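Fit chain to chain and form the complex, with the hints in mind.
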Amino acid sequence: MILKVENISKFYQMGEVKVTALNNVSLEIYDGEFIVILGPSGSGKSTLLNIIGGMDHPSEGKIFVSGKEITKFDDKELTLYRRNHIGFVFQFFNLMANLTARENVELATELTDDALDIDEILNEVGLGDRTDHFPSQMSGGEQQRVAIARAIAKNPVLLLCDEPTGSLDFKTGIKILALLKKVNEVHKKTIIVITHNIAIGEMATRVLKMRSGEIVEDIKNENPMDPERIEW
Amino acid sequence: MVVKKLNLRLFRQIKSTKGQFISITLMVIIALAIFISMNMVSDNLSVSLETFYEMTNFPDLFTEVVRIPQSAIEGLESIPGVSKAQGRVRTDVLFKVDNQNEKVRVRLISIPEEENILNENYIIEGEKHPEKINEVAVLQQFATARNIKVGDRITPVIAGKEYNFFVSGIIANPEYIYLMENEMNLLPAPDKFGILYISEEMAQNILGYQASFNEVVIKLDDYENSNLEEVIEDVEDYLEPYGLIRTIKKDNQLSNSIMNQELNQLDSMSVSITILFLGVAGVIIYIMLMRLVNNDRISIGVLKAIGYSNFEVLLHYLKYAVLIGIAGSVIGIILSIPIAAGFTNLYIMYMNIPILETQLHYRYFFYGFTLTIVFCIIAGYFGTRKVLKIMPSDSMKPEAPEVGGRIWIEKISLFWKKLTFSWKMVFRNMFRNKKRAIILVLGISLTYGITMVPLYMSLIWNTLFDVQYKVFQTMDYNVVFSKPFNENIIKDISKIVDSEHIEPKIEYPFELQNGWKKKTINVIALKRDTKVYNFRENEETPIFLEEKGIILSEIVAKNLNAKKGDIITLNNYLPGKDDITVKISGITEQYLGSNAYIDIDYFRSLLGEKDLVTGVYINSEDDVIEKLQDIKYIGKVESNRDMMDTFMEYMDLIIYSVGVMMIFGAILGFAIVYNVTIININERSLEISSLRVLGFEKKDVYSMISKENSIMTILGILLGIPVGRAMCGGIISSVSEDLMTIPLLIEPSTYLYTAIATVIFVVIAQLATMKKIYQIDFMDALKSRTS
Chain H
1 MILKVENISK FYQMGEVKVT ALNNVSLEIY DGEFIVILGP SGSGKSTLLN IIGGMDHPSE
61 GKIFVSGKEI TKFDDKELTL YRRNHIGFVF QFFNLMANLT ARENVELATE LTDDALDIDE
121 ILNEVGLGDR TDHFPSQMSG GEQQRVAIAR AIAKNPVLLL CDEPTGSLDF KTGIKILALL
181 KKVNEVHKKT IIVITHNIAI GEMATRVLKM RSGEIVEDIK NENPMDPERI EW
Chain D
1001 MVVKKLNLRL FRQIKSTKGQ FISITLMVII ALAIFISMNM VSDNLSVSLE TFYEMTNFPD
1061 LFTEVVRIPQ SAIEGLESIP GVSKAQGRVR TDVLFKVDNQ NEKVRVRLIS IPEEENILNE
1121 NYIIEGEKHP EKINEVAVLQ QFATARNIKV GDRITPVIAG KEYNFFVSGI IANPEYIYLM
1181 ENEMNLLPAP DKFGILYISE EMAQNILGYQ ASFNEVVIKL DDYENSNLEE VIEDVEDYLE
1241 PYGLIRTIKK DNQLSNSIMN QELNQLDSMS VSITILFLGV AGVIIYIMLM RLVNNDRISI
1301 GVLKAIGYSN FEVLLHYLKY AVLIGIAGSV IGIILSIPIA AGFTNLYIMY MNIPILETQL
1361 HYRYFFYGFT LTIVFCIIAG YFGTRKVLKI MPSDSMKPEA PEVGGRIWIE KISLFWKKLT
1421 FSWKMVFRNM FRNKKRAIIL VLGISLTYGI TMVPLYMSLI WNTLFDVQYK VFQTMDYNVV
1481 FSKPFNENII KDISKIVDSE HIEPKIEYPF ELQNGWKKKT INVIALKRDT KVYNFRENEE
1541 TPIFLEEKGI ILSEIVAKNL NAKKGDIITL NNYLPGKDDI TVKISGITEQ YLGSNAYIDI
1601 DYFRSLLGEK DLVTGVYINS EDDVIEKLQD IKYIGKVESN RDMMDTFMEY MDLIIYSVGV
1661 MMIFGAILGF AIVYNVTIIN INERSLEISS LRVLGFEKKD VYSMISKENS IMTILGILLG
1721 IPVGRAMCGG IISSVSEDLM TIPLLIEPST YLYTAIATVI FVVIAQLATM KKIYQIDFMD
1781 ALKSRTS
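Quick note, the sequences are listed as chains H and D, same order. Reminder that position 30 of the first sequence reads as 30 in our numbering, one-by-one numbering, no gaps. Reminder that position 466 of the second sequence reads as 1466 in our numbering, one-by-one numbering, no gaps.
With the rest of the complex left out, here is chain D (with noise of 0.2 Å):
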């Protein structure tokens, strides 16, 4: 094949930039590796989170009520709107294992014998439904996690009975594709924590529910339609006779919002990281085919003269950026397929959607490509556009010198004077190519701040937790009782328990509402001086619960609505009970779980209930859930410190994508200064090689231009600051949703160590841009018109 002398000439120009070409491309690669993976794994994950809902029946609501029976779960099913209802018997018990020291719990939950149920399990491996009395069906991750396999026989502890159970079959189901005990775990712990699939009838008998159920289920006809609210009350108000506790919609429902909340993730990284990464690589496309242009002045003339048009000549330069593009895409398409499928397989470890997988979606690959290819363009064109000006005959003259002139900064003559000649160079050369000085400053920015994401996340899960378990909520344990019983109890556990301290709560759902916003949570009922809880509206201020009025966390706060001083309504569950309204008495940081807190007085007066508890809070060295986990009336008891020990696990994962974003910001960095800095000498050579003759040593010229850089770096820096704030506060408010928020609290320390980062990616581009500076031939470049 003959190739034109023109591209010819193009490849070898690409040859002798290789660097830059190399580093533009490497930012394509990484923009669109990331956008057709993240696609990819989005559509995936959705498509097969819907496919798996609808092979499921996935219900649209859950609810819990004291006691329904059976006969009443049909009722429902004529309410307009609702088609189908399912009661369902649900409790969490101890399991028992080997280890003594181990607390392991699981969730028993009937399921009906029949085909064509809500909620159905998904078979992975033996039978779907426990056909006999005695056999179970286990969740798959907790049977991965504790090796529990189908025929093996398990041992669920309940009210301190032991029950032998046949395991039958390991399954998957919709409702916990996202394994975790409830909202304030963050994180699943397959092994702590399992569901079980027992019979209704099994079900039924143990757990004291005869012919009744706890929950319903309930799938409605279109839960899209714009009255479901309507829908909910009228099926609220069926099952308030039956002692309503909670309702919960679909997109509340824990597993399926969290991997909404996931999918909203990888959609906002894919657009962001894109964005980013196609910007700053379309900036330097744009400013380094301006360079090429300009150097390139007499060619391009000599090539009109020869009798190349306008467009061919302007094509010649454009097809350095397309180029960048194809290479950046095709290497970018290629890497999206292994980049996806290992982003999946993480999913598959911690979502247990059995179907998902791989699937390659070819669109993806032409969308990116063509986003690419255009975005190149567009940005070559306004680099190269130039090119049309340029007149042959004008060419060939010499370019006018830059305008040379005093700098403002020269004003300040104390300053000035004692600046020694190379640095007042460096002065005048930032201020005199300004939009390159900016580009560079602004690059360094960027730098800055997507390494302190990384760097700021890492750190505020520690600093998350400790406040939340170090500083908010003192207590060891987390004790709640099988039902509520009279404050008397306390005396018990403190026979059974050697406590420092031990104080009541009542802990009872309730569905918070302001004006036409509602929402459902805990409301935990505290003595007024209460020891375990530090309520706090910021660093500064505690707040402490008043005689009459409730605090709620700020989670609540922010989708209610509500404010210090708003009246509130609390929709009780209670059966027999009245409505609360009750006054914000303060709004407390809290960034784990949404909660409600109130004066257990206050609130035992509102309930009509004197003397009530449902669990206590203690601190204790002592073994308290080895002595307190067998007995009766103790329905669970959580430590703080296997929900902190559980975090620490996840520390793993969390500081392998801080690598793969400090990665990211190196790339990001290295290139945008070294092809800067490549830039900033080519354009200069001229005056680069007048300073060699006039006796200037490399190095020295050398110096000079790292000075200029460590300028541009600290204020790169300086601006990076608030550039790395609004990031992680970007990332933030995608990642804070129901379940938690993450405050921007950002340690000085992560200051200093993005600095430090930086500055090491800008002296690493500084330093593979020494070789050009030393290639100069500065007796080539003072005689040599050529191009």
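Excised from the complex, chain H in its bound form (with noise of 0.2 Å):
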């Protein structure tokens, strides 16, 4: 087990009106998981993503990784673990616009002493003659794939991506599962994919499904399938 979370609360505070996004979440995850979170928009499973990152805090509740508690960390802590454990991938892919794509990923490794090979990274993701481009220069499948190469160069811990394929293309949004499914596999990693795009799920090896702040239902997956046979 490398993430442990206990009784995760968080509320918010709209006016006179307390918003709950996360009613009491428990959910334990273990090494090499590829697990899909699904859910409506609203559903909490951004915020889950975000407190398990360490990007946000709960308001109530615990969550431990690799033994350590992270909800008690400070800012300075936090700051450290999104560092060396947390791979994020964003919806928008997030590459810095004046930075080319092997510079989007340095950006990241400069971080960590024990990142992965850059070249090696970028051959694997299919971008090893694109390096020197810009984003701007780029399809959004291929700014994904450098978003995901950023991700995995420090060698986290975690991946965790947040609608990873919502703003691609069915084709191209194959190929990025695709390629987290190479990354879960070849490079062990565990992997955390929030998304409301049900067919995503038939390639987790666990499925959790969201609604309104709370696990409605934890399935494990026995037979994932290969992402090229999902269709939506």
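Hint data in this document are derived by calculation from the structure and do not stem from the laboratory. Treat the numbers as computed from the prediction; the structure is a model and nothing was measured. There is no bait here: all hints are sound.
Below, computed lysine to any residue pairings styled on SDA-like, alpha-carbon distance capped at 20 Å:
hint: 1; chain 1: D; residue 1: Lys1772; chain 2: H; residue 2: Asn98
hint: 2; chain 1: D; residue 1: Lys1015; chain 2: D; residue 2: Leu1292
hint: 3; chain 1: D; residue 1: Lys1389; chain 2: H; residue 2: Gln13
hint: 4; chain 1: D; residue 1: Lys1389; chain 2: H; residue 2: His57
hint: 5; chain 1: D; residue 1: Lys1563; chain 2: D; residue 2: Ile1580
hint: 6; chain 1: D; residue 1: Lys1015; chain 2: H; residue 2: Phe134
hint: 7; chain 1: D; residue 1: Lys1319; chain 2: H; residue 2: Glu110
hint: 8; chain 1: D; residue 1: Lys1319; chain 2: H; residue 2: Leu99
hint: 9; chain 1: D; residue 1: Lys1319; chain 2: H; residue 2: Ala97
hint: 10; chain 1: D; residue 1: Lys1004; chain 2: H; residue 2: Phe134
hint: 11; chain 1: D; residue 1: Lys1004; chain 2: H; residue 2: Asn98
hint: 12; chain 1: D; residue 1: Lys1386; chain 2: H; residue 2: Asp75
hint: 13; chain 1: H; residue 1: Lys76; chain 2: H; residue 2: Ser66
hint: 14; chain 1: D; residue 1: Lys1004; chain 2: H; residue 2: Ile118
Next comes the structure, spelled out in structure tokens:
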């Protein structure tokens, strides 16, 4: 087990109203899992991902990563946690516009001592020949590949992906999912993908369904589907 | 060297905003170059001045007497506080030149032969002192202007008689660093007035001061001492029996007081320009970084998500400001060296301190650098501190749209309804982002102000001279007799000169006293119906000499802290005469010089001297100088025309400095308008793109932004008028000292020209931003949420 979530809740105060984004969520994640969290927008899945990734604080509850309670971390420790343990992939890629593909990856690897080889990673994501291009010169799929390379090059324990195919067309989306699958299998990275696209759940080793800030289903998938065969 | 990727990003950011980076850096450069060079020049000037005074034993007191025997000088040294006293003979005489029409005057000053004297000469060439009786040491400025060399023969004309002297040396003297005949001259004319140092023996012989002097220069034990006034009083008491005419303290000595005024001006200029330019640079850095951080919200979130710390991200943005500081100060420091050299050369040209040279004071490099960096860090920190608050998780969500709403101007529905859509957008925008609008308006008003100063200054000099020589005093010639005469002498003069008008005057120095405030000035007694002076309280209110009473010039009234109706004392320097008390009947506007005016008959009765005159004023087409200058009883003849001509020669210098100030104004205006407009465009790229999608053309969008800037410019100019007036007021208060008052008379044309210049600066900046608008790819701006 690499991650344990214990009774996490998150409330927002919006004027007079108290909004519950997460309600008493508990969860355990094991090494090498490929987890897909499914849920409609507003179900709390992004909030959960952000809290797991050390980007947000829960209102209540505890999270343990590799035995350490990250919910006790201060800002500095959280920064180090994000730096050394977490890789993020976002829906809108969020590359630095004025850095090339390679430089975007280096931006992340410069932070850590045990980064992977950048050229290898870029080859692996299929961008070996486009390393000197700027984001504006690349397609969405290519940009997302750079984002994935950026996330895994730091050699994180956990790869967190927020709607990684959300702004890509079907074909490109599938390729990105295949890439994530490869990262999961070849690099033995634990991956959490959040999406509202139910089809993507079929490739997961485990699917968590969320609704109104709660995990309503936790399904183990013994036979994950090959991403190339997924359709939506 | 491996560049950190975050730094690489910064460099590319700077590259893509190079217009802004350069314009802000330019202001830092100006601020720093001025700060460092002015401070260095000021230091060089004050140190070399101090050293020169020390080397040459510059006296602390200058006293004029009617006649004091050589033997009485030593007695002065026994007065407690007096360290050394030295007598000399001083007289202004004519100087013979080839051109008959050119009038040149020289001051003959005797100089003792022994070493270690007060007011020592500094050798430029040849001998320090005239060693033989017919030798003369010539002041360098005069020698240069008239091309006089060691070995030349020169000919002063003393009481109509020509004397031949042999030039044994060219020298500099601390009393005439800034060479002016008197405070009425305002500007030096070294080709028209010079100083000749001759031996004591010669001076006493030819000027009729056998074994006696008419001046005593005095060195005190301690000039800064608190009982200075008491020592001066003791000295004056001692000199009283010898016909004390006036005592001048070192502070009020003409050349020295101008030097000190110059130093003060340098200091105040370095402070005000530095504050202005660094201040504006700081404000622009602040708003531009704030905008950058807002635009970069997502990137900031991503950087934090990747694992960059708050501090690292803050530093990343802060470096933009720091790099402006570094670039600006390095270039500013480099530029300050030639600027300092240029200014020093200017001083060397007009002020003769032979030991003055351009020295670099490295500590100012350090001060300037530190000041700039600290300043940029502070401005940058306030601009970027929002970075700390951006939570990585929130940053990915789009920002809530700015609160739009009705603005108060819409309530004026008649007006609002008439506006076209694009004008409505313009007004809404201005009111929605008040901070930016205020900064732009203030910026334009500063531009207006800084542009107004040089325009005002260039015009006011003309006004000043016009008022002084065409309105206030209307005589063509001022004739001073070599000694007081009976009024009958005027008849003689009338026979020699063909004059339209001639009137007598008495001019004597007096020490005016009001309470404990004292000032020594020339009191001029005129006929009550004088036709050559027009006294006035202000432009509308003329005042006239009264039967009993005295009119003071503004400067004198200010110095004495006196007002109309006060009774003041005229401390008499004339031997055997009592002090006089008299009522102030009016204060007259007089820009140049300090004087008091009194009715001639009243004055004669006060002095108990019937029919006395010391000179005449003449209005004439005749060649008065030519006809009068060789006459024995004529001391000097001054022409108003000549004074104005001298002044005109200096207009070149003024125009040059006006140009420099205008460039400063232009840079300031450009930087402010350019940056604020670019920020405006960046901030609204989404809105602009939406308009483009709706079918607005690029030029429509551009014209909308131009309209916004036009309104800001009008507001800025309106606000600029008081700002400019205040700036001009500040400048003249630093200029006006004892020598002159500069009125805050701003011609309507100045306002107009300044407005035109400001509009030009704004238009240039506006044109420079056009590219940015035309470059906005509206599809991209709408689609992309990358940063």
